[in-house]
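Working from the sequences, and respecting the hints, build out all of it.
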Amino acid sequence: MGFRHLAAAAALACTVIALPQAHAGLGDSLPRGTFLIDAAYIYATTSRQFDRNGKSVPLLAPTERYEAGAGLQGIIRATPSVQQKIFALRVLYGITDRLTIAFANPLSLETVIQANLAWEPGDYQASLGRPYSEQDFWEWAGSMGQRKPVNRAVSNKNAWGDTVVALRYRLPSTEWMLANNISLGMTLQGALPTGRDKNPEALLEIGNTAWWLHNYGDAEAHLSIDWRPWWTGDVARLTLSAEGYYAWLRTRTYDAATGSRHPLLLTQAPYVGETYKINGGDWQVGRVQIEWAPIIGPTLGTWMTQGSVEKARKFPPLLSLLVQYSFVNLQPSVWESNYDIWSVKQAEFWGAGYKHIFAAQATLSLLRVGAPMMLYVRGRSLDILPGKNMRPANAVTVGMRLLLKFW
Amino acid sequence: MGVYRETIHLRGAPYARGLDHGKRLRHRIRAFYTQVLSTALLPNLNREQPSIAGFLTHYQGDAYADGKFSYQLLLEMAQSVETQLPEHYKEEMRGIADGCGLSYDQILLLNTFPDTVLAVRAIAATLRYSGGPSLVRWEVKGLKNAKGEPAKEKKYNALATAQAVEIPTDAQIRLVLSDADGVDPKTVRVQLNSTLYVHGDAGLAMKQLTTKEGEPKELEVILTPTEPLAAASVQAVMISAADTTILADPPPAHARFGRPETLTFTTKGYGKKAAEVPNKGIDDGRTRPPPIAFAVKGSATKDGAPILAQHFALLDAGAAHEGTTLFVHHAEEGSGKSDHAYLSWAGLTWGFSGMSKRGVAWACNFSDTLDNAILKDLLGQLTGGLDKAKLTSKGWPIGLAMREISREATDSDAAMTQLVKYQHLMGWVCMVADKDGKLRLAEIDADAEPIDDNLPEGVTVVKWNGSPENSPASNTEDDLRAGVHYVEKTVDVDPLITALATALLGNAGVKVTIDSQRVVSTYFFKSLLVFHTLGTILTEQHGKLDVPAAQAILSDPRLVDKSDSMNAVVFEPATGKIHHAMGAVPATDAPWETFSFADGGQ
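Line by line, the protein sequences give chains A and B. The first sequence runs 1 to 407 under this note's numbering. The second sequence runs 1 to 602 under this note's numbering.
In short, the hints are calculated from the structure, not lab data. Warning: the hint list may mix true and false statements.
Here are the simulated DSSO-like pairs of lysine-lysine, each with C-alpha atoms no more than 27 Å apart in a straight line [unchecked claim]:
#, chain 1, residue 1, chain 2, residue 2
1, B, Lys155, B, Lys186
2, B, Lys141, B, Lys212
3, B, Lys68, A, Lys148
4, B, Lys144, B, Lys302
5, A, Lys311, A, Lys277
6, B, Lys154, B, Lys268
7, B, Lys562, A, Lys345
8, B, Lys268, B, Lys302
9, A, Lys311, A, Lys157
10, A, Lys277, B, Lys23
11, B, Lys144, B, Lys186
12, B, Lys90, A, Lys345
Right under this line is the structure:
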């Protein structure tokens, strides 16, 4: 009994390779010898989840509390909200013009969970002359060693997530593809287990691994296509992209709660077993994207181009706008423990499902005017269209990219 | 919510069947133990340590410190129970322990706690409620006695029948509550049939009555119904109140309430004597129904075949339903015992209902009584002083006694005869129906009377006695019903137990009146309500009853405890079929499934 596993709450906008080129499609690569450093601050928040019927429900299932022989004391209804503050650092390097390698790691600055506990009284208690009030319940629980959980819990302070390593290869183009400005890219990426897991004895806490963030898999394989039908000089004014990828999540083993901190609400190890496993369930993702360059802006010959305006014309436009839609098909997460009933209950909100992700981004590129940086702001929403068995973590990202080339 | 239930067939020697049970239900047993005992009942009982150790100082010792009180207390009680049990049940429990990885002590505790905890609860609840106000006197203003004079104030005595009959329709009802700390008028709640009166309402007047010393220990409550009472009708009044103190330990802090009391009257023209008018109680909208059971046959059923049905409720604790199991025991060849099945939970060697292949079906409801093994054992320890006395309880858990009966009894009468042989731990009402349609109800207590007296022995058998007037649990020859109160064993406690209680509780600063079940049990009026509701339903459906009808009765919201319902069952002893609903809360939310001995019991 007790609180269910707090659903992974604030998935991140953390696409590993998003290139700041004039050709900013989903399958592009960096020019050979070029570094790109991308530093971003992400603020993600969520306060609900979509259940198996696509209905919006709180992140925590209600917890019915009983007193042995005295019936239902009441129902703890928590409507937690989760805020994640993350510094995301990405470093990309163009090994060749076609092959780019990338490293990325989200550094969680902190995760704040507001429990927002509420109480629904249960059965009338003749000996009290009333049903249990919320205060009654926590006084009762306190007399048995169960403290009331704090309303605001902070975790994941300065904690690294799983480290992502990715390789993207821009496939050779046929003459027809070149003639029609179509390119293909392939990306493979994997996550190294450097993230922090949840303390099993904590009620209001989440971890910082790929499973918890639920935004990138332990391994992914992408295939993408970009089409640029409209150009002004060397700048593509419109880029239409599409991508499909498969994300695999490895089975993870977690320690079961022993009740050392929450004896009434979080004691599972005696019957669940000392550990349990979660097979996270893989994802299949389809994504489409449109990028428009409304303002190409001034083009100057600067130190970056040794004074060449011609070279500067190949840089990205001053302003580009992007909208993106992703459909994520979620395969069910399977929980394995000694106690099947518990496992099934835990997986209640982790069955097969899907997400609709909408994103929009504006990028201001200063390359054409002699500053090797790009500033961007990105918004992402997962609840414009309801999903199923998922937690919509909406996010705002503000970032800066630096381009470096040493030879 | 999912539905969780298993059917487990067990064979072989006792240890082997226990081992098989333990292995197959290993994790359910561990979950049941953790969720119902470790994280629910045991810590809750730990809260009672100060009050119990206040007069039984043995429990102040180190062995009971640091949260070990409840486990150690229940284990010691379990070990005293164990001394009474035959080896084959101990062997079976050893097998379960080895199979599931819990200790033998844990399995022993698991198999004895319902009886021992209920016995403790009966005492604790009596203590709790006896500290609150009690209804001591009543009077109907306007009522005349046989001589035509105004009827005098009467001492209150809880009854299963009417307090007074033929009262005027404009009568005022005067009730006097008493408490050593005074009664708080703001907590008084009076319900007349379906109309509620509370402090400040028109129709409810209250006045403090002072003692000679000037202390306000009594509160006079006068109910003047806002509408005239209906003529020739039955009127029921429920009253509850708290005293002026706040009980802070164990938390939560609350006013000290007395037991709600229900009184029944008839108005002029009804025409029956008080003893002929049952006190059917009042549904106050906040009372959870206790378990019920009924048995029907002959003219009551569609085809004349006997049916026994029960909806059992006690404690689910949000978890027990996950461990519900139908155990089918196959007798060893040549043993002369019968195959038998019972509805139970993972880790238990018994249940509260079952049936043998020979066609003897049974169902037991707990019945609150202070005539239990704990007090019986305490009596024997009094000479040694309360500092050495311990709470022990020698006897048989009811489920094991009934399992023995399942193995051996050939019919209902044999079951009754066998039931008398066991020392029982707690109060129970057990209904038995056999394949030939013999319906019996056993009212059981621990027979704790320390001296020979005229009180009933441990088992009182209730059956049809020729007429409804002489058959307190039957409308006709072909039906029998039970709640959780005794219908014939109406005086169950020896006055010496009252003396014992006074000795014990005087040290705890509590004055207690211990009398019969109807006076002290918190279940008494709740039981009357469901008992009579069930009686009405059985009358309405007389001749139309079959398995689906019985199942529908067990699902009737008036009879279902939505929080602590544990299982529901309909037995057909003539055909060897068991129809059960369990694994959900309430149990009747689960689909019904059928097990049949006729199918080879597989």
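Consistency of the hints with the structure:
{"no.": "1", "hint": "B/Lys155 with B/Lys186", "result": "holds (24 Å)"}
{"no.": "2", "hint": "B/Lys141 with B/Lys212", "result": "holds (25 Å)"}
{"no.": "3", "hint": "B/Lys68 with A/Lys148", "result": "holds (23 Å)"}
{"no.": "4", "hint": "B/Lys144 with B/Lys302", "result": "violated (48 Å)"}
{"no.": "5", "hint": "A/Lys311 with A/Lys277", "result": "violated (55 Å)"}
{"no.": "6", "hint": "B/Lys154 with B/Lys268", "result": "holds (20 Å)"}
{"no.": "7", "hint": "B/Lys562 with A/Lys345", "result": "holds (21 Å)"}
{"no.": "8", "hint": "B/Lys268 with B/Lys302", "result": "violated (39 Å)"}
{"no.": "9", "hint": "A/Lys311 with A/Lys157", "result": "violated (44 Å)"}
{"no.": "10", "hint": "A/Lys277 with B/Lys23", "result": "holds (22 Å)"}
{"no.": "11", "hint": "B/Lys144 with B/Lys186", "result": "violated (32 Å)"}
{"no.": "12", "hint": "B/Lys90 with A/Lys345", "result": "violated (35 Å)"}
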